[in-house]
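Protein chains in written order, with my numbering: chain A, 1 to 290; chain B, 1 to 266.
Be careful, since some hints might not be right.
[Unchecked claim] Sample of chain B residues facing chain A (criterion: CB under 10 Å; computed from the structure): (1) Pro12; (2) Ile61; (3) Pro62; (4) Glu174; (5) Lys180; (6) Ala181; (7) Gln182; (8) Ala187; (9) Gln191; (10) Ser193; (11) Val204; (12) Ile206.
Derived by calculation from the structure, the hints in this document are not laboratory data.
Quick reminder that beta carbons are idealized off the backbone N, C-alpha and C, glycines included.
So the chains spell out like this:
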Amino acid sequence: MRIEAEHVGYTYMSGSPFETEALRDVSLVLDSGKYHAVVGHTGSGKSTLLQLFNGLEKPTEGKLTVGDWTITPETKQRDLYDLRRHAGIVFQFPEQQLFDETIVKDVMYGPLNLGLEREKAEQLAKDTLLRVGIGEELHARSPFELSGGQMRRTAIAGVLAMEPELLLLDEPTAGLDPKGQKEIMELFYDWFKEKPERTIVLISHDMNQVARYADHVVVMADGEKQLEKTPAELFTDGTTLQTYQLAMPETVRILKALEDASGRPVASDAFTREETLRRILAWEKGERSG
Amino acid sequence: MMDNIIIGQYLPGKSFVHSLDPRAKITAVVLFMVFIFISRDPFVLSMAVVLTVAAFLAAGIPPRFFWKGIRVILLIVLLTFTLHLFMTREGDVWLDLGWLTIYSGGVIEGGLIALRLLLLIVLATMLTLTTTPVDLTDGMERLMSPLERVRVPTHELALMMSIALRFIPTLLGETQKIIKAQTARGASFSQGSIWKRLNALIPVLIPLFAQSFKRAEDLAIAMEARGYAGGEGRTKFRQLAWRKRDTLILVLFSAFGAFSITTRIL
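Turn these sequences into a full structure, and let the hints steer you where they fit.
Shown next as structure tokens:
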């Protein structure tokens, strides 16, 4: 699903002493079928921006187009109901939304709300649970008996079972160990690759994740869009990273260190382990022949 | 809508009312509460109105913010008024529609109760808006301290209150987050019959309870880990200071109370 923001602004608690401007004059286009990432510091407005994309919040200024829906400050909540069926959101610590007696029932909640028949919803829930790695033996258990990681997977299944086209991820791996983080991120990536129209917008503080998965990165600061770049452009540009206090992905750091130490140029825009290894091997080869 | 509820909220400021000792403020509100319900005298009630308006002006709360926050609560006042209007059968008949009869007593009784409630809510909101939760509980603890002799656990009560107050914003924030998460999963809280809407709240309430219990446990462990052992022998970092202006306020509200009693007796 394509997203276009035109001069979008958002002010919290307008007209009260607690009034805060979270977004100011944000214009951007997020193409359909791409993996986008929004990065920036706490309070930069990225979470608010994400919640505008599925109509949980309405912009207080400007115009937003998400797929076939147009959202302006005047749009009625009722009209956004339909958009939410097509745009799923995984919040930070999504396990905090689990509530039902059994895991399957909890995952069925979304599909049932969409008006699916019970049997179909149950089948969908079971399939989705298996896909996120929750085995059949757990399906009839209470979600509150699960481990933290399993709860997170169940909650994610609850969102995926609604079969969205647009998936909004607000730091979906916060608080997980590295192995759990990788598994969850791979899960989203596999989902994303399955159909060409599937679109992801990811918020993350982990630049390794952003560099590894995203096609397009938006940098936010103080409620304003600072720049948009591809990971290859952004993460090899040390000065820009420093300006916005973004960390350099580990792979880039290793390759840059190699370049500095050897005094010979190394292409540092590699974001996967395999690609980095290939660059190092290529460098070694050059070293020997040179 | 939830953003706008201001009961229990604190609004930082440097006004006259902000600077008062919490003990003075709490006592004043309690006096006001008791005596406004004792008297029916129009003069006493108008005095109460003057006191409330004066307190509001002295507290420097932005009127628009206050109005937005109190709107929801006004519904309760309105409901009380309506109930009294229909239920009281005293005085002259003012309106007779066959199925509905309105008596003069109903209008007066309803108006009286509504006014008292309104004044009370405004003044009580003023207390929490101008007093930090810490000051509020410190004040409460001090005021209750005479009860310690009859073995009332005043420190524990005050602590319970401060924890409760402390977690109101947290809970509100959490509620909002869960509502958002369930809304994103297709829940609708504003469509369908009342039964359906109540049912829609279950997916919000259960996670909220689950998290509250977990947090209570975490908090207990954190407190024990830092050596908390109850109120005995505990000293306070923040000392309350009673000043002339506090005495003034106390005298003012006591005078109001005394006046209210006199009109009742005479």
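Hint check:
1. Using the Cβ-Cβ criterion of 10 Å, the hint placing Pro12/B at the interface with chain A is satisfied: the shortest such distance is roughly 8 Å.
2. For the restraint placing Ile61/B at the interface with chain A, the shortest Cβ-Cβ distance is roughly 9 Å, inside the 10 Å limit, so the hint holds.
3. Satisfaction of the interface hint for Pro62/B is found here, the shortest Cβ-Cβ separation to chain A being roughly 6 Å, below the 10 Å cut-off.
4. Annotation: Glu174/B was flagged as interfacial toward chain A, and the flag holds, the nearest CB pair being 8 Å apart, inside 10 Å.
5. Of the supplied interface hints, the one on Lys180/B holds, with its beta-carbon coming within about 5 Å of a beta-carbon of chain A, less than 10 Å.
6. A least Cβ separation of about 4 Å between Ala181/B and chain A falls short of the 10 Å threshold, and the interface hint therefore holds.
7. Using the Cβ-Cβ criterion of 10 Å, the hint placing Gln182/B at the interface with chain A is satisfied: the shortest such distance is roughly 6 Å.
8. For Ala187/B, the interface hint holds, since its Cβ comes within 10 Å of a Cβ in chain A; the closest pair sits about 6 Å apart.
9. Given the 10 Å rule on beta carbons, the hint for Gln191/B holds: about 8 Å separates it from the nearest Cβ of chain A.
10. About 16 Å separates the beta-carbon of Ser193/B from the nearest beta-carbon of chain A, more than 10 Å, and the hint is not met.
11. The beta carbon of Val204/B is positioned within 10 Å of a beta carbon in chain A (closest approach about 8 Å), and the interface hint is therefore held.
12. The interface hint given for Ile206/B holds, since its Cβ lies 4 Å from the closest Cβ of chain A, which is under the 10 Å cut-off.
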